[in-house]
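Participant: Each chain, letter by letter, is given below.
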Amino acid sequence: MRERLGQRPFELVAIAVAATIAAHLEHLPPWLWIAAAVAIAARVWARRRDALPVAAWIRFPAAGLLLFAVIAQYGTVFGREPGSVLGCGLLALKVLETERPRDARVAIGFAGFVLMSALLFVQALWFTLAVSTVLVLLLAALVSLQPAPAHTEHPLRHELQLGAILLACGLPLAAAGFILIPRLGSPLWGAPGKDTQARTGLSERMEPGALTDLLIDDSPAFRVRFDRAPPLPPQRYFRAIVLWDFDGTSWTRDQRKGFLRAEAAQDNGARIDYTITLEPTDRRWLPALDLPLVAPEGARLGGDRVLIADEVVSQPREYRTRSTTRYTLSPVLTMQERARALALPPGFDPRTHALAEGWRADGSDDATIVRNALDLFHRSFTYTLSPPLLGRNSADDFLFSTRRGFCEHYASAFVVLMRAAGIPARVVTGYQGGWWNQSGNYLLVRNADAHAWAEVWMPERGWMRVDPTAAVSPARIELGAAAANDSAAWSQSAWLRSLRNRFDVVNGLWTRTIIRFDALRQKGLLTSFGVTDPNQGDLLLAFSAVLGTILLLATVWALRDVAKPHADALDQAWAQLGRRLARAGVARRANEGPLDLLARARSALPAVAGSLTELVQNYVALRYGAVEPAPERVRSFTRTVRNFRAPRRVSEPPVPDLQR
Amino acid sequence: MAATIADLRARTLAYAERRLPALTRLRKAEPLPIRLDRRRIYVLPTGFGVSFALLLFVMLLGALNYGNNPALLLTCLFGAAGGASLFGGFRAMNGLSLTQLNAGECHAGAPLTLRLRFAPTARTRPSLRLRRDDAETAFVLPAGVESDVALTIATTHRGWLRPGRLRVSTDYPLGLFRIWSWLNPDTDFLVYPAIESPAPALPGGQGRENELARAGAGEEHAGLRDYRATDPPRLIAWKASARHDTLLVHDAEHRSDDALVLDYSALTGFEHEARIRRLTAWVLAADAAQRSYLLHIPGAIIGPGVGTAQRHACLRALALLPHAHA
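So the protein lines, in turn, are chains F and E.
Take any residue in the first sequence, count from 1 to its spot, add 1126: that is its number in my numbering.
Take any residue in the second sequence, count from 1 to its spot, add 45: that is its number in my numbering.
Because the hints were derived from the structure by calculation, they are not lab data.
Incorrect hints may appear among the rest.
From the derived model, a few chain E residues whose C-beta atoms are all more than 12 Å from chain F [as the list claims (entries may be wrong)]: (1) 58; (2) 87; (3) 111; (4) 113; (5) 168; (6) 240; (7) 317; (8) 334.
Some chain E residues judged to face chain F by a derived CB distance under 8 Å, without partners named [claimed, not checked]: (9) 96; (10) 98; (11) 103; (12) 110; (13) 115; (14) 116; (15) 117; (16) 121; (17) 126; (18) 165; (19) 169; (20) 172; (21) 174; (22) 217; (23) 219.
Cβ coordinates follow ideal geometry from the N, Cα and C atoms, glycine included.
The following block holds chain F by itself, in its conformation from the complex (with noise of 0.2 Å):
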């Protein structure tokens, strides 16, 4: 333990504390990583030259600088982001003072704490695997401040093989951990997802041209599993969130007005029953196929048909619904939602206002200035994902001059232009299209799918949905985002799309059984064995049942080879035959060799005397005649042994007296 570190281990350790600390690099400040891991490699290269260790001058005020630091930019130590920023921190300063095999072994330590933190980040099956990964790396290094290694050819290739081993034959056991120990049914500190930064999700705000970091993000968002026949692609429309109040450049949904009453649906057949997956959007909303009839459990119908979920969704989740898509949603508008749905800022988008009059003064009803708007965009429009930049009167510009956009310039200019007009409207985001998973039957929805709709508002008719981006592109509602998006990157190529959505049923699987595996599901399980209304004591007793068994099994397997010596197979004959005699009443003495044993036995049995000798003299020639007997010969007198059948005789001979 007093020894000194050698080179090789501590650059192993190094090593496997930078991988650890590269698993949290999305979300650590450019400013701790580059830090880390020039101090990681300084410290590599000063040892390499037989530097000194690192004075706790230096030591010290590092720790105080990284806390300081993290401090000035979070605020608090304390949470999931500025903890694992710490962490890290602490582990590459760790790294630095490390000079004795028991430095190491904390750092490892360490390191396997700051590893799992990664996946509060991250829950991605490729991420996990990432991560065992890592962990290999880090047992691999514990392996190798063993002081006198077997393999000193290949000792990281040996290490690496251990650490493998080491966790393949672990796996039972974690498989048992991971579907025994119980689960809190409320955390212990904190509100997990409170402490989060905003994921990239739709949000309840929308900009023209804010949804492009969603629209290239090729994660997925959601996967729908229908009872029956999944609806056609046209028709694959996800509401999330329905945004009211335009304030000249942005569209949101004030929650101060509240909405004054549910909006009355009336259902036209077409219902669909379905169940959805939903990633971890750190948001309250839940989007649901086109006009959602029922509210899942812990969420909430909204007013104007969306459903809010009683919590963030932190983690997957997973719920179920029915919808339908022929529908007549509020065929009478009260005098706020009119007024509401009709505002727009003063003072903006004038020509936008000139066009909108015009039609109405040709006197237009409220489906001609529709159907004249949704001609403009298909007449002269371009979808397109890098749109040019829009000035203050956002849907002028977009409508007189740039005339090139996505879904969300389209909706939002749309639904300007209706109501310059005079007609209700308003502008509802979620997603549309989705790949149809023909292996594990169900629609896979990337955030890329994310879209932006309108509705308008008719008498009698309620609310209809008109897609402006429809009229540009119809690609984009036919075959989905992937199709209208041009962007030629090497990641849209066909064929590795098509691949990514085929492996995204692995992703789905992983999400359904590992992610989501909660405390319902662990009773779930238990009841299937027969326990019925298991708690989390009887989940303990099984996990201990499950335990013991795993060690005693791994007992036996550790004790194996002691509880059977492997004999020579020689050795193993003789003492058969030695045994026949016995039986026969020939019992071998211990003074007693081979050819004693046969000129006693020859005369006590006399019938078998000549397969005996044969046998004997067939033995010592074997036994003493070569180092190494020839396998097959041996093989051949075991055969022979085995054959042999000595008379049986009642009582042994009386032995000679050797003392006369």
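We have chain F already, so just place chain E on it with the hints.
Facilitator: Showing chain E alone in chain F's frame:
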């Protein structure tokens, strides 16, 4: 402070082992071979192992608190790999068999190198440690061959030395568990007395010169006899043998008249151990000069003689002389 604690700990342990042999697993010395099996292999977590368990508990709480299943899975994997390492370590010890224990020649005060021979094992056993008091060595036993392990221990007194309990231990592969067992072979080693240094010249230094002078005077065959199979090669008189076409050796018996007498009682004015140290130094000096000598100590006369056997006989007798106060 640390020394006091260590001393206290050693004394407590010694007391505990005296009074509670069953609990402290104090084993009587036993004959070789000693084979380690599950009945005598002990396992406890190391300090790192205990902190590892605490760490796992904290990780578990964190994962459960955030309801994060992948983190929980990782925690379980980490813990399970640690648990699995216990069995790997046990297998490194289980079935280990000590077959021989040797030591070289050693004088009191000099380090004694014990050589432990282990029987061939079916699998490689890495990272074992052997420890006696403060002496520790790490070794690996490759599969399928007999291996020798050297452990150097300090000696202080002449006479019989019993190495006593040797601890074989390992914390292979992750350092989480210490797996250990005791080897207590009933083997004693003789530690020869310390050598006085610097030692004065041999007494009666002129004896050798007389002999040489006589040999030079023409008695060519004086002190030579025919070679016998048991004669050590260094006694062979090569020049004379070449002249006579037969192997001739220096005849120690013949020279016994001129043998050097190393007499304990002649060394007056010294205390007991100092006399022994000086005699030891002289025995070695006489042996190095290939002179015949006779050792006269209380109760025994050894020799006269020359060669390894004589040297060992003398050193042994000196080593086993009763101690002064005894």
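Participant: Looking back at the numbered hints, which does the structure fail to meet, lowest number first?
Facilitator: 3, 4, 5, 10, 18
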